[in-house]
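Residue numbers (my numbering), protein chains in the order written: chain F, 741 to 1226; chain H, 741 to 1226.
Just so you know, these hints were derived from the structure itself, not from any lab.
Be a bit skeptical, because a hint or two may be false.
The list makes no distinction among identical chains, and a pair is therefore deemed to hold if it is satisfied within one copy or across any two copies.
What the hints assert, rightly or not - Listed next, the in silico DSSO-like pairs over lysine-lysine satisfying Cα-Cα at most 30 Å (straight line): (1) Lys813 with Lys775; (2) Lys1069 with Lys813; (3) Lys813 with Lys905; (4) Lys964 with Lys775; (5) Lys1096 with Lys813; (6) Lys775 with Lys960; (7) Lys964 with Lys1096.
There are 2 protein chains.
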Amino acid sequence: MNASAKTDDGGKLALAARFRELLRADQIIVDAESKRPYECDALPVYKAMPLLVLVPETTRQVQAIVRLCYELKVPVVARGAGTGLSAGALPDSNGVLVSLARLSRIIEVDPDARIARVQPGVRNLAISEAAEEFGLYYAPDPSSQIACSIGGNIAENSGGVHCLKYGLTVHNVLGMEIVTAEGEILQVGGRGLDTAGYDLNALFIGSEGLLGIVTEVWVKLLPKPEHARVVMAGFDSVLNAGDAVSAVIAAGIIPAGLEMMDGFAIQAAEDFVNAGYPRDARALLLCEVDGNEDEVLEHVERIESLFREFGATSCRVSRDDAERALFWKGRKAAFPAAGRISPDYYCMDGTIPRRKIGAVLEAIQQLSEQYGLRISNVFHAGDGNLHPLILFDASVPGELHAAEELGGKILELCVQVGGSITGEHGVGVEKLRYMLAQFNDAELAQFHAIKDALDPAGILNPGKGIPTLRQCQEYRSIDASGGAKR
Amino acid sequence: MNASAKTDDGGKLALAARFRELLRADQIIVDAESKRPYECDALPVYKAMPLLVLVPETTRQVQAIVRLCYELKVPVVARGAGTGLSAGALPDSNGVLVSLARLSRIIEVDPDARIARVQPGVRNLAISEAAEEFGLYYAPDPSSQIACSIGGNIAENSGGVHCLKYGLTVHNVLGMEIVTAEGEILQVGGRGLDTAGYDLNALFIGSEGLLGIVTEVWVKLLPKPEHARVVMAGFDSVLNAGDAVSAVIAAGIIPAGLEMMDGFAIQAAEDFVNAGYPRDARALLLCEVDGNEDEVLEHVERIESLFREFGATSCRVSRDDAERALFWKGRKAAFPAAGRISPDYYCMDGTIPRRKIGAVLEAIQQLSEQYGLRISNVFHAGDGNLHPLILFDASVPGELHAAEELGGKILELCVQVGGSITGEHGVGVEKLRYMLAQFNDAELAQFHAIKDALDPAGILNPGKGIPTLRQCQEYRSIDASGGAKR
């Protein structure tokens, strides 16, 4: 234990002593330096130091931890790989942080049932790697898939560039073992399509750690598509590109992925990874189709012709898997690419109806000018999930605040046009106040009823995901006073 | 009002008078004869007469009804088309039955967003009919799709022969407007893939009317597949057919539907509709593939060769859509076909892992012999959802009871091999006691917590879906005394 631990108060050490009855010493992190890596997730504008970090290795240990926390009324925040973008894994400074990183076993890959049984700390990509020998893979592929854990994917109901065709986490997780807020172990969902009783599996997915802690997961595996190609097209306006997106969908094609980047994002990505993007384009579409080879080629031809009809200024089709990977590389690197050209960036996540793409991008451009902050737009266009990256410099007084305010305006815009304040990154701490833009009192009351029912002591990830009544009052009084401060 | 109404007690008429403040006289059914059609759903072994039947025409009227019932603590049972098979719409004799039949408007078909917005009383097939002009359709297709309503589909999370590829109702309903147990109107889900907050949309789907009443629905529409074929193969044993099912899935093919019928079901269907089934086969597989023509033909060839490899004694491929429809006609008529050869039949609904198909069918055969009751097996084989039809004669003393007991043994068998007591028909009243075979106390406690949270007065469809604590005690004491009576 290093020097900084000496500053811990007696309460913290007494708490650690209680956990020593349940865990080995090396599973309990007390000193500040060792706790530091856990003080934030991938949205580091929010930081907090937990009393303790606990690193259980079994379901039983997770259960024992939660039971003790329930007894002591100590908040519990579960953490996967810490790649979340809405501060969902932000520690509670009066609670313990439970890292699920050591529950990282792939228990079983069953090629016949096309199911993998894994622990929550398993990395998203590791599932597909384990299934590869059977020609199978796990479909949801968040940009962070090399690092992010399936448990975190469940907490946020993560998507990825292929969710247009293959769905979000909720569509690919069949069942789970859960430790409840009161420390019971139960199974939700199952190995089949449906089960009796309420759909607790879906209820827990995307609930951001507020209803229980996942300790085992059954995921659906899919056969790897025989063939896949990407059509990449440049456009001289986002409006044209937006119309082209609608045209592809209206033509009855379900692309495996359909992504859009604006001029700013194209240049940033191209500077970073040389994906061969048309630098002069104002908008880029990447449209992947997969399946049987003939079908893919037929669809590629159709998509090319639609793109040209809607004003594509350039159009290329990936010739092989290496080129396909290269086309995607730029898109997947869009966030770090923004990081190279701006000291800080703030990634938003909202959804809008597909047909509103052009109009919303124009409105975002106006907001960008109004706030004097550049915005780089990358976009799951096929399912209307936008990710504006607001570029700012936190060392310039007021810029962080302006970025946050601008982000809020974008989310309110999403709700106004019939969309949602989050597509796949979750609400976490970041978007709590915008929940009021999306949900009315009756809807919020239902959320609170569910939370109270499943976590009566309110110990699981308190203050995240769903604004509490107190938070609602606070946000409303700020709004009423004309401010949009957070 | 006819003579029978005179036997109504004053309380009932007083209740009717209260509803007269909310509804026109012709929307309130008081007399017994007019209420008769509502006394059961498609599982007529359970019957009850409600105090009143109410026929609202708008969301506001549904809201007003629920508010009054909440005030008076009167049970409310919502009913769609009454095609349910687990007595989920059985009236409460101390409550009102709310028929949603007149909320039957298709409000909007949006081909661009591929969404239809409909009222709950709209028939399943009517959605596809309305979307046809845009080349779109609604995928879930329960056998009763001509008659069943989308509201009822939501209550039971219905599937159909194509759910292997296209999913159940929960995978195809994006959002809903709900009237809560306290009479609030709220929206769950949305028009996009995901929304913020807990996934109440999924929670409500399959909740059998216990958590709220649906008054509007957004369903996902899919482009109609370009091409589809059915491979029909006879086998001389259910074991071989079961192995062939696993082989198709293991080959990386995702059929649009993969159905199995045993010898008894084949003959009954063939006698009824002349679908061209091989009468001497002990098992029949119907495997549909859809998509691009080349892909379909490639898969058809692969499936034929796998079927022959696993011992198919006959194999035919549909030549055109008319023949494809004919092949399906026998399968879809399997239930009425059983009705022609037996005075009564009892349709079970359980799921099992695919690889257990052969073993479970053999065990069902043994149970059939043990109970002296014939069983006809039809089966969504691809997703392991079995529908044994137990044939009996209710006029023979003891046969109904024996059929129910035999049905229970089959469900327990499903749970033992890792399956579920319902695949798509719901629990209703019928399977309440078997919930104890599937869920432990902690799991049942979570269900109760959810119910109490969303319906604190317990007025919505009481006594269905989830066994209450009292019912649990009752079932356990019966089990403890060695009986299996219901």
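Hints, verified against the model:
{"no.": "1", "hint": "Lys813 with Lys775", "verdict": "within (21 Å within a copy, 53 Å between copies)"}
{"no.": "2", "hint": "Lys1069 with Lys813", "verdict": "neither (46 Å within a copy, 60 Å between copies)"}
{"no.": "3", "hint": "Lys813 with Lys905", "verdict": "neither (43 Å within a copy, 45 Å between copies)"}
{"no.": "4", "hint": "Lys964 with Lys775", "verdict": "neither (40 Å within a copy, 55 Å between copies)"}
{"no.": "5", "hint": "Lys1096 with Lys813", "verdict": "neither (46 Å within a copy, 45 Å between copies)"}
{"no.": "6", "hint": "Lys775 with Lys960", "verdict": "neither (35 Å within a copy, 46 Å between copies)"}
{"no.": "7", "hint": "Lys964 with Lys1096", "verdict": "between (33 Å within a copy, 25 Å between copies)"}
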